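So the protein sequences, as listed, match chains F and Y. Residue numbers for the first sequence follow our numbering, so the first one is 9 and each next one is one higher. Residue numbers for the second sequence follow our numbering, so the first one is 9 and each next one is one higher.
For the record, the hints were derived by calculation from the structure and aren't laboratory data. Treat the hints with care, as some may be off.
Derived coverage of chain F by chain Y (criterion: at least 3 residues anywhere in the stretch with Cβ under 8 Å from a Cβ of chain Y; other residues may be distant) [stated by the list, open to error]: (1) 60-67; (2) 88-94; (3) 98-105.
Bear in mind that the values here come from a model prediction, so they are computed numbers and not experimental data. Glycine included, every Cβ here is placed at the ideal spot set by N, Cα and C.
Number of protein chains: 2
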Amino acid sequence: MVRILTKANVAELLNMVDALEYVEEAYKQLTLGNAFVPQRIAITDPAPGLTLVMPGIIGGEMSALATKIVSVYKKNPEKYNMPTVLAKVMIQDINTGDIVGIMDGSLITAMRTGAATGVSVKYLARKDSKVMSIYSAGVQAKKQVSGVYYGLNQKLEKCKVFDLKKETAEIFKSEIEKELGIEVEISESSDDLLLNTDIIVAATTSTTPIFSGDKVPEGVHISSIGAHAPDARELDTTTIKKASLLVAGLKEACIAEAGDYIIPINEGVISESDIVSIGNIITGKISSRSSDTEITVFKSVGISAQDVAVGKLVYDRALKEGIGQDIDF
Amino acid sequence: MVRILTKANVAELLNMVDALEYVEEAYKQLTLGNAFVPQRIAITDPAPGLTLVMPGIIGGEMSALATKIVSVYKKNPEKYNMPTVLAKVMIQDINTGDIVGIMDGSLITAMRTGAATGVSVKYLARKDSKVMSIYSAGVQAKKQVSGVYYGLNQKLEKCKVFDLKKETAEIFKSEIEKELGIEVEISESSDDLLLNTDIIVAATTSTTPIFSGDKVPEGVHISSIGAHAPDARELDTTTIKKASLLVAGLKEACIAEAGDYIIPINEGVISESDIVSIGNIITGKISSRSSDTEITVFKSVGISAQDVAVGKLVYDRALKEGIGQDIDF
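When you get a sec, could you build the whole thing from the sequences and use the hints?
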């Protein structure tokens, strides 16, 4: 029997507080060697878009085995009036191998990405953080703010946002103010986001640095979840150089895919050994910031363990609450 | 909208004649460079079984993009009264990336494996072949015979079978006689299968050679679809040495995974350049047998292109015939 969960079912079952907990656990199990994230498979030609096939397994109490299939077709909106990113998550019973759940994966992708930033905020940002800034009000932005909000135990008071499209920023403002009850301030310039802020989130589609490291203030925590190719980055070398802690969702994945770290490594400014997986900070193996003036950086490229964890969370809750539809294949 | 197809739906929609045609086309497109079969991902620990995640894409007229997730859990029958091998195939729309079909994959796996042997028989066996022998009457055996039967344009008259379990052979006999209307002869010994036969199919779980190459008669075609690890094989070095044509479903996959070819290569008896992908024979780039006395060998390890092709066939037909259930995710 396969439990089928639509986008609406997933939305009903998933909240950020739980997503944070499960993503944190996934990072922890990875560091403990109790999870496996194989290199994802990318398929393009002869298709007009990209498909990523991302399986993963997490042991321990979670016992989760799943695969996300996510496609990125840039011409979908224009040509087919469909989203660019489409995804589904297939959950297997870790004890039998049987596929027991299939669910829409778009919300899971956004939530686990927001949760990654949230976990980084929980462990790396200053405890008295109250203001965040976010670059881009795009598709990932709302769940990033939600991740920060719950990562700070609902102590976030204000979010500053800048987007090249004013209308996108306006919609973002009204939605976030309604959902989280915090103040949203639309900045007139990109650089304004660097002023009077505690947490900076970069969630753009840019492939070149979006701000100058010279202007980054003391004490901030930065999370970059955009750029995920070796020659693309959101953060410049100066930002990386100024940071006291360079953290990755998963070090191996960032060293393979994230220009934000790869480029400064190739420039000889930092070395691979300067980068740590966040699991090491969660488990206490490596200490977090020791002062309020340090700058901390978290870079995350999506890894399957995040989807596996959040997918399992949704599946387990669906069974418990009797939501979704069973199909006998 | 996702078309869901159960095992019964797939059985209703799939026949060997079509499977042969689609698998042949997949092999052809691979050789033409118009298809992509990434290395499959294997996941084991900390699960008590193996999961293989196998995406693939085939261009041309077929335009198929799909992923098979197949699990092999040896303790399933005993512990859970479930099959060892479970599989599902996810079909994507190659133009949008959207998952538009999800189907049970067990019959697809058996059919595409039978079809691989069938394609090899069509191109490599003697045209006057009438008798086949099959090692093992196990789960793959029936579809292997079906593949040979239709690969020979229904000119197969007799199938000799040997299985260590007499009862398994008896069931196989009655089912094949009923389904294909050919004679099935249960051999008393393994070596008897090498006598008075035109086509030899090895479909065992053995990891060591199942017959001596010294006893292989002139003119036969051999298809080996068992053993698929570098240190495992069904065919011995003598058999490989005696063959005039060493053919692979996909050369790269066999050189990476099939001990039947890897071991003789490592022994220095053959070299990689002696092995050809069957697509080269289908397209006529390389000639097939030129005499009735040559021995030909076909080795196939499962590759995703076979599943992608047969999955697409089933999906397209389901839409056309209105079979299955649509779910709006």
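Here is how each hint holds up against the structure:
no.	hint	result
1	60-67	holds (count 5)
2	88-94	holds (count 3)
3	98-105	holds (count 6)
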